[in-house]
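The sequence shown begins at 262 in the working numbering and counts up by one.
Each hint should be verified, as a subset may be incorrect.
FRET-style restraints, in silico, Cβ to Cβ [stated by the list, open to error]: (1) Asp349 x Pro443: 41 to 47 Å; (2) Lys398 x Phe362: 15 to 21 Å; (3) Ala429 x Arg332: 51 to 57 Å; (4) Val472 x Gln508: 32 to 38 Å; (5) Gly531 x Leu434: 37 to 43 Å; (6) His378 x Ser405: 38 to 44 Å; (7) Pro526 x Leu456: 23 to 29 Å; (8) Asp437 x Ser405: 22 to 28 Å; (9) Gly457 x Lys530: 28 to 34 Å; (10) Gly324 x Lys530: 48 to 54 Å; (11) Asp380 x Trp433: 35 to 41 Å; (12) Ser326 x Met446: 56 to 62 Å; (13) Lys377 x Leu434: 27 to 33 Å.
It is worth saying that the hints were derived from the structure and are not from the lab.
Keep in mind it's a predicted model, so treat the numbers as computed, not measured.
Even for Gly, the Cβ is constructed at its ideal location relative to N, Cα and C.
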Amino acid sequence: MVQWPQRRISAALEADVESDTIRQYENVLGFLDSVKEESITDEGEQGEDLRRKLIYQDFLNRGYSKERAEREVKKSFDSGSDIEDAKDALEIIEKMPKSKFDETVELHVKLGVDSKHADQQVRGTVVLPNGTGKSKKVLVLAKSEKAAAAEAAGADYVGDDDMIAKIANEGWLDFDAVVATPDMMPALGRIAKILGPKGLMPNPKAGTVTVDTAKAVSDIKAGKVEYRLDKNNIIHASIGKVSFGSQKIKENYETLLEAIVKAKPAAAKGTYLKSIALSTTMGPGIKITTKI
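With the hints as constraints, model all of the structure from the sequences given.
This is the structure in structure tokens:
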């Protein structure tokens with residue numbers, strides 16, 4: 262099987278294409294020849310172009326003619342004005358052509374703040390009522406009874422200095438979240454440069470530096486998501502799988518959006534929610550009217 266070069270995998274990931282998608286679309290190398298090595302974001306023209314090409318190839322794989330595939334892609338991306346309600350947007354997503362895998366539904370919110378200013382940061386966590394549809398492997402760095410509590414709560418890996426050494430010496434990263442007790446934080450300095458760039462470094466604001474390791478593990482397993490601004494003042498978060506159905510995804514959407522609204526910084530002026538869009542892993546963004 263043809264393997265994707267690492268630079269193209271990185272480009273696809275920057276465009277919010279999941280690893281599942283990479284495996285499903287290993288045969289579209291020809292469509293990615295124009296992809297540059299630099300990062301591609303959802304907000305850029307290159308990111309949308311990559312999505313269009315991948316969706317076009319998906320239609321061809323399903324037996325569509327080139328003409329019909331082009332029509333379907335144009336219809337999906339050029340839908341016109343914003344949708345009034347998330348329920349309507351999710352119903353559109355449900356009716357979209359299905360991929361060979363269960364696509365993730367993503368929420369993208371552009372905020373009227375400036376992430377360059379410390380007093381306008383927006384970051385937090387929330388447990389989605391219906392989870393994310395993805396099972397996360399949790400590593401807990403703790404000792405004695407805190408370690409035992411984490412293990413009883415369902416942590417996949419539990420340890421202290423031995424786990425830190427494994428990460429530092431072997432580059433081991435077979436986990437999706439890290440929880441640590443406060444007394445372990447000084448020792449984590451050794452692997453901060455490894456965990457930090459991957460968004461795995463424990464943080465009190467994310468609830469991953471805590472003495473209550475059992476609750477932290479339970480929340481992550483139940484579908485806790487962390488939201489934070491990127492450099493373009495946009496929050497990107499997964500809110501479920503297409504297979505959830507519109508009602509469950511809508512409940513997750515409302516829970517996350519409510520948390521983002523409550524996290525509005527006091528220093529933020531003017532319109533807070535600049536734009537809201539929903540999309541699937543392979544689908545176009547569907548803008549939703551916002552009045553906040």
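Numbers of the earlier hints that this structure fails to satisfy, in rising order:
none
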